[in-house]
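Enquirer: Chains as they are written, first to last, in the numbering used here: chain A, 23 to 250; chain B, -17 to 377.
Worth flagging that the hints you see were computed from the coordinates, not collected in a lab. Among the hints, erroneous ones may be present.
Per label pair, the in silico range of CB-to-CB distance [to be verified]:
{"#": "1", "chain 1": "A", "residue 1": "M148", "chain 2": "B", "residue 2": "C348", "range": "40 to 46 Å"}
{"#": "2", "chain 1": "B", "residue 1": "Y359", "chain 2": "A", "residue 2": "K163", "range": "28 to 34 Å"}
{"#": "3", "chain 1": "A", "residue 1": "K163", "chain 2": "B", "residue 2": "D369", "range": "23 to 29 Å"}
{"#": "4", "chain 1": "B", "residue 1": "A331", "chain 2": "A", "residue 2": "R122", "range": "41 to 47 Å"}
C-beta: ideal position from N, C-alpha, C; glycine also.
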Amino acid sequence: MLPIINLSNIVKIYKSGSDDLLALNHINLIVSKGELTAIIGESGSGKSTLLNIIGLLDKPSSGIYQLSGIAVDELSDDELSVIRNQKIGFVFQSFFLLPRLNALQNVIMPLIYRGVHDKEAKLCGMAMLEKMGIEQLWHHKPSQMSGGQQQRVALARALIGEPEVILADEPTGSLDSKTGQEVMDLFIELNNHDRNTIIVVTHDQHISQQCRRVVRVHDGSIVSDEVN
Amino acid sequence: MQLKRHFVEAIANLLSNKLRTFLAVLGILVGTASVVAMISGGKLATRQALAQFKALGTNLLSVQINKNSNNSSSNEGMDLSTILAVKQASPQIEKIAPYTNLYVPITYEGHVINGGILGVTASMKSVMKIAMESGRFISFLDTHENFCVIGQDIYQAIKNYSVGDPIGQQINVADNYFTIIGVAKAWQANSFIYADPNNSLLVPIETSKLLSKYANIDSVIFRVNSNADIDTLQNQIKNYYSSMDPGADFYFQSAKEIIASMQKQQEILTVFLGFIGSISLLVGGIGVMNIMLVSVTERRREIGIRLAIGAKRKDIRIMFLIEAVVLSLFGGIVGVILGILISFIIAEAKHWGFTIFLLPPLIGFCVSSLAGIFFGYYPAYKASKLDPIETLRME
Ligand SMILES: Nc1ncnc2c1ncn2[C@@H]1O[C@H](COP(=O)(O)OP(=O)(O)OP(=O)(O)O)[C@@H](O)[C@H]1O
Ligand SMILES: [Mg+2]
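Turn these sequences into a full structure, and let the hints steer you where they fit.
Expert: Okay, here's the thing in structure tokens:
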């Protein structure tokens, strides 16, 4: 299998005053195309830190990270932006939609930053909303939608650029278990059907059980990595 | 991302917070309005000043002859022929119009008429560009006749007491009857000639000297060759008159000099008002900067989201910069409109003609958008340097 994500000896140290905090301690992780992976671990174990480094939002203190064959630690901020735009789709716990824009405008943002024209982007965006089953809400602002609906918009936004990997940090954390399961069903569907590579950080054992691969983090280290 | 989209988003964002937007641009608005008003007003004033001379021409020179109080030997002053003989002093003199100005009681049909007497020669008509409504002007043949031409205001006054043709009617001046031989059209006053023909009876200059012993020829207006060197000419005239009347002082004024000093005053005023305008623009710009900094802080999360989904730092910078420019341009547009309105009100109040000049609004737009770029740059730069992780961290 083609490795999309290849982390070797990743260390992240937060310097806070006199004592340094070792948030990630020599992480080695390879994720291949088409995998659905859950990252679990107690609060403060370093799950988000790991996901942010994978998502190029944060930089490791040391170690080598290759994203689909590209060594990313030498890249400039703007080059990282381009890679985030083209290869990565983010889903966050609290959705992070832009409040002034409607659902469709939110969904097409990645394409707009890519320079795609408005009309074309909107056609794409409508197709994406349809896939998420919320095309009738395209003109709604985030404040006019339920949490589950907002997360579907966020997922549509993550998918629209056809990224190589979807990174979701507690995507069901703000939802009730029923809506959370519906969102999880979408992830599974995307993984089964479209062979999307997906990494989900979660607290919820119920969610992680549904993933083929489960990586457990403890105190900044990977303590287990199981494939069901 | 296309520029057009940035503008659309900036406008949408500013409209979503109308009151704040309005308060933020108030300074820019006032600054632009004052810059536009002052330049427009200045241009209108200059044009108005020049318009006075449009009818009259600028090739004019006037001399005021004042008795030197220490020297009582020549209290009579120069006589008419001496005054006129100055023409020999320079070939640049085209026409000479000396006049006397005196105030004596005037009555018509027993009613008191308020007005003065101007003793003039025939050349006064062409030098002062007096147009006739009816009848004729004073002629050189009229010398000591008791004829008079009445100004427009006088004509309006006597119309109250008689309906017929004024020509040939009698008007009483210091117990002498004068025959009206002509009615002058309204004459446009200007800052160069002190005499007011509208409110005067124009009589032959020799006649005026008979009316009062105080009727001295104390003013002379020259129409000169338009290429003449005014300073040289002034000296020639002065030398001549001084030799004829050593007991007098001479004060010269030329139309060109008056225009130059008006323009100079205008320039000083423009610089002064420009300074005030710049200060208010500076204050306005700081207002824009302040509001943009607040906006950046409020929209940290949005900036983080945009960076996460692929915005480059440049995109963030342009987004905020364009918002600042749109903000100040909005202030600029309203300010330009307000400024034009103010200059219109000034023009109305002063009875000037009003025109919209192209330059002041252009300067207004440029200055306000430049203020937007200048004062919006730092907030935009600050926004573009935010760390996505910091901005996306949950509170
Ligand atoms: N910017 C920072 N400065 C200092 N310490 C940080 C910073 N970000 C994270 N940390 C620390 O790094 C450790 C890992 O944090 P991280 O957010 O990755 O945990 P997590 O596993 O995602 O926890 P949770 O399940 O609560 O989200 C924590 O101890 C946290 O306090
Ligand atoms: Mg976390």
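Enquirer: Now tell me if each hint is right for this structure.
Expert: Cross-check of the supplied hints:
1. A/M148 x B/C348: 40 to 46 Å: Holds: the Cβ-Cβ distance is about 42 Å, inside 40 to 46 Å.
2. B/Y359 x A/K163: 28 to 34 Å: 31 Å, holds
3. A/K163 x B/D369: 23 to 29 Å: Holds: the Cβ-Cβ distance is about 28 Å, inside 23 to 29 Å.
4. B/A331 x A/R122: 41 to 47 Å: 46 Å, holds
The structure fails none of the hints (numbered hints given earlier).
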